[in-house]
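Novice: Below, each chain spelled out in residue letters.
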Amino acid sequence: GESVGLHLPTLSVQEGDNSIINCAYSNSASDYFIWYKQESGKGPQFIIDIRSNMDKRQGQRVTVLLNKTVKHLSLQIAATQPGDSAVYFCAENSETGANSKLTFGKGITLSVRP
Amino acid sequence: DTGVSQDPRHKITKRGQNVTFRCDPISEHNRLYWYRQTLGQGPEFLTYFQNEAQLEKSRLLSDRFSAERPKGSFSTLEIQRTEQGDSAMYLCASSFGQGNTEAFFGQGTRLTVV
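The listed protein sequences derive, respectively, from chains A and B. Numbering of the first sequence is given in our numbering, commencing with residue 386 and proceeding in unit increments. Numbering of the second sequence is given in our numbering, commencing with residue 7 and proceeding in unit increments.
For the record, the hints were derived by calculation from the structure and aren't laboratory data. There could be a bad hint or two in this list.
Taking lysine-lysine pairs in the DSS-like style, the calculated list, with each CA pair at most 30 Å apart, reads [claimed, not checked]:
1. B:LYS20 - A:LYS427
2. B:LYS63 - A:LYS427
3. A:LYS427 - A:LYS491
Start from the sequences, fold in the hints, and give me the full structure.
Specialist: The following block contains the structure:
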């Protein structure tokens with residue numbers, strides 16, 4: 386069946402270091418991917434998205450890489466800050482006809498050490 | 007605040023009672039989604055509206071659940087005869103357009119069934 390999953394449940398990084406969060410997906414027909422950040426007690430916050438016709442997209446301090454060959458997605462955060470501590474989700478948007486929904490992975494907790 | 011608004015933020019109810027949640031999407035967003043999130047998991051898709059039409063419902067949405075978006079603006083999610091297993095965070099998201107576009111989430115309604 387379709388699934389979007391994350392490789393590791395937690396990631397601890399030193400403040401100032403770069404963080405890399407990885408995600409695997411299984412639906413080869415997926416054509417749109419989003420990374421969300423969720424802080425405790427809050428809803429998911431959009432970070433960055435990428436469409437399947439791209440393999441890299443950059444934002445402010447964040448970069449998303451997409452490898453369609455191995456169905457792998459990663460989020461890179463440069464110069465990680467304490468405010469980056471949160472749970473990160475990758476999500477796949479499967480759009481068929483008029484219907485659209487996000488399928489989320491389990492989430493990985495990023496913990497930034499001062 | 008022009009983001010997605012959900013009300014109430016928290017709800018505690020006794021088993022067997024009915025509850026109703028409200029979601030006000032970002033103005034002019036034609037798509038509205040409901041998701042459910044339990045602790046340690048990613049959000050799970052429940053249902054999706056395009057304008058006032060409910061286009062897709064998850065198998066998670068039992069017959070005790072009903073969602074409406076009568077005028078294509080705000081939406082309500084009702085749970086009848088609540089069970090302890092309904093305890094979760096209920097998230098609403100909205101997006102604009104026809105293709106894959108970013109979805110913005112509200113802060114969620116935390117439901118606790120006792």
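Novice: Which of the numbered hints are not met once you compare them with the structure shown?
Specialist: Violated hints: none; all satisfied.
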